[in-house]
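First to last, the sequence lines map onto chains A and B. Each residue of the first sequence is one higher than the one before, starting from 1 at the first, in our numbering. Each residue of the second sequence is one higher than the one before, starting from 1 at the first, in our numbering.
Each hint should be verified, as a subset may be incorrect.
What the hints assert, rightly or not - Cross-link-like lysine-lysine pairs, in silico, BS3-like; alpha carbons within 25 Å at most:
1. B:Lys-237 <-> B:Lys-189
2. B:Lys-116 <-> B:Lys-138
3. A:Lys-124 <-> B:Lys-189
4. B:Lys-223 <-> A:Lys-155
5. A:Lys-155 <-> B:Lys-45
6. B:Lys-116 <-> B:Lys-223
7. B:Lys-212 <-> A:Lys-121
8. A:Lys-25 <-> B:Lys-212
9. B:Lys-223 <-> A:Lys-25
10. A:Lys-142 <-> A:Lys-124
11. A:Lys-100 <-> B:Lys-223
12. B:Lys-223 <-> B:Lys-189
13. A:Lys-155 <-> A:Lys-100
By construction, these hints were calculated from the structure, which means they are not laboratory data.
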Amino acid sequence: MILSQSHIIRLGLRQCLTDLNLPVKIFLAADLTTATDLYENNDIQLIIAGEEFSDDAGFHQLVTSGKPEGIFLFSENHLPGNEQNLSLFMTPVELAAKIKMMLQTGKENENMSTPEKELSKREKEVVRLLALGASNKDIAEKLNLSLHTALTHRKNIIRKLGIKTAAGLTVFAILNGMITLEEANL
Amino acid sequence: MRTISTETNLADAILQNHNLLRVIGRFDIQPGFGDVTVGEICHKKDIDPVFMVVILNSFLDESYFPAHDLTGFSLKQLVRYLQKTHDYYLNHQIPYIQELIDRLCSGQQPENPGLKVVNRFFAAYCRELNDHIMREEKVTFPYVLGIENRFNHPEESETGIPDYTIQHYETEHDNVEEKLNDLKNIMIKYLPQPFDFDLVNRITAELYWLEKDLNEHSRIEDKIMIPKVRMMETELKLNRR
């Protein structure tokens with residue numbers, strides 16, 4: 001995800017990343033509200049944020065809220081010695097190296113931690129409600145959770161099951177006896 | 001893997017990757033075409049050889065475009081190809097998978113209700129894919145062709161740009177892919193026994209093929225069609241000032 005107030009930087013960076021032909025999808029955000037929304041609804045591996053957000057409390061809350069994926073700050077100048085920075089004047093080769101390294105690190109971390117595949121009790125409840133057609137907001141209300149927590153459960157469910165859509169989760173719930181075919185809206 | 005050029009023997013290219021057979025079918029080229037090069041068959045069938053070469057190569061190698069210059073294509077030609085792929089999904093590939101899934105469900109005695117659920121999910125997926133394709137056919141493609149026409153003949157049309165822009169289209173693109181991915185996951189990880197393993201194998205193979213083909217289809221839309229329409233939109237708006 002590219003987060004920058006500058007239209008030119010957003011589109012320019014998107015073009016640079018597109019040219020690298022990485023097997024990833026690129027999201028653009030001009031402000032924190034959009035960024036938060038994208039972050040909560042997609043599996044964001046890497047955030048490239050404009051320097052203007054570096055002291056923003058909302059930004060820090062966003063990047064510390066989920067699992068810490070790669071974060072780059074984008075600035076006009078080379079900040080020496082800081083691995084976490086991208087600059088306006090870097091070459092395509094430098095950019096490619098940094099981005100690929102960061103995406104790779106993310107993957108390794110994922111591989112190293114033992115993957116939990118079993119759903120927790122709470123996650124099962126969330127799957128059941130999703131399968132019955134509940135929205136994220138409904139789930140938060142019914143289970144007395146914050147919307148943010150409900151979204152985190154959802155993210156974890158996607159990670160564990162590999163199933164992303166509500167219809168897919170409905171099938172999973174039926175096959176596992178969590179709901180009946182009659183209850184489902186499939 | 002060798003890159004295909006107009007000099008490449010078509011049969012050699014297909015022997016290298018038989019899935020290309022499905023691709024050339026969209027250009028109305030069928031097996032039994034003989035000992036011809038790509039350039040020769042294009043000439044015979046009145047196909048733009050540059051377009052054909054790009055479609056074949058990009059199918060074999062994802063990095064083939066946007067590295068190559070694609071500005072020479074007409075959108076009309078591109079849309080015609082995309083429509084052919086739509087026709088292939090709706091009238092061949094989807095009915096074929098449906099038939100296999102129906103056989104999977106009906107072949108099990110006693111009945112396995114879990115398989116029926118998978119069938120319902122596939123039906124829901126098909127409805128969504130169908131809606132998506134119809135929207136492209138009825139809204140997006142006419143818009144794209146209209147823009148190209150206006151771009152090439154600005155003197156003919158003084159009317160303004162419609163409210164729809166290609167931006168709208170970009171936002172509508174994703175859920176169909178996610179559902180297909182879920183279906184594959186469910187088939188592979190969570191399919192309840194008992195079932196005919198051979199049929200499941202074939203269905204999975206067809207789902208993988210469909211996924212690759214759909215991805216290729218959206219890549220052509222995202223990397224060639226949309227940028228080109230955007231460029232035209234921008235210029236047309238500038239001209240109106």
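Evaluation of the provided hints:
1. Taking the CA atoms of Lys-237 of chain B and Lys-189 of chain B, the gap is about 51 Å. The hint is violated against a cut of 25 Å.
2. A distance of roughly 33 Å separates the Cα atoms of Lys-116 of chain B and Lys-138 of chain B; the hinted pair therefore is violated under the 25 Å criterion.
3. The suggested pairing of Lys-124 of chain A with Lys-189 of chain B holds, with an alpha-carbon distance near 17 Å, which does not exceed 25 Å.
4. For the proposed pair Lys-223 of chain B and Lys-155 of chain A, the alpha carbon gap of about 29 Å is over 25 Å, so the pair is violated.
5. Note on Lys-155 of chain A and Lys-45 of chain B: the hinted pairing is violated, with a Cα-Cα distance of about 50 Å set against a maximum of 25 Å.
6. Between Lys-116 of chain B and Lys-223 of chain B the alpha-carbon distance is near 38 Å, which puts this suggested pair outside the 25 Å criterion.
7. Proposed proximity of Lys-212 of chain B and Lys-121 of chain A is contradicted: the alpha carbons are some 36 Å apart, above 25 Å.
8. A threshold of 25 Å between alpha carbons decides the hint, and for Lys-25 of chain A with Lys-212 of chain B the separation of about 16 Å falls inside it, so the pair holds.
9. Taking the CA atoms of Lys-223 of chain B and Lys-25 of chain A, the gap is about 13 Å. The hint holds against a cut of 25 Å.
10. This hinted pair checks out: Lys-142 of chain A and Lys-124 of chain A have alpha carbons roughly 14 Å apart, not beyond 25 Å.
11. Taking the CA atoms of Lys-100 of chain A and Lys-223 of chain B, the gap is near 21 Å; set against the 25 Å cutoff, the hint holds.
12. Under the criterion of a C-alpha separation no larger than 25 Å, the hint pairing Lys-223 of chain B with Lys-189 of chain B is inconsistent with the structure, at around 33 Å.
13. For the given pair, Lys-155 of chain A sits about 24 Å from Lys-100 of chain A by alpha-carbon distance, which is consistent with the 25 Å threshold.
The structure fails to meet hints 1, 2, 4, 5, 6, 7, 12 from the earlier list, while all remaining hints are met.
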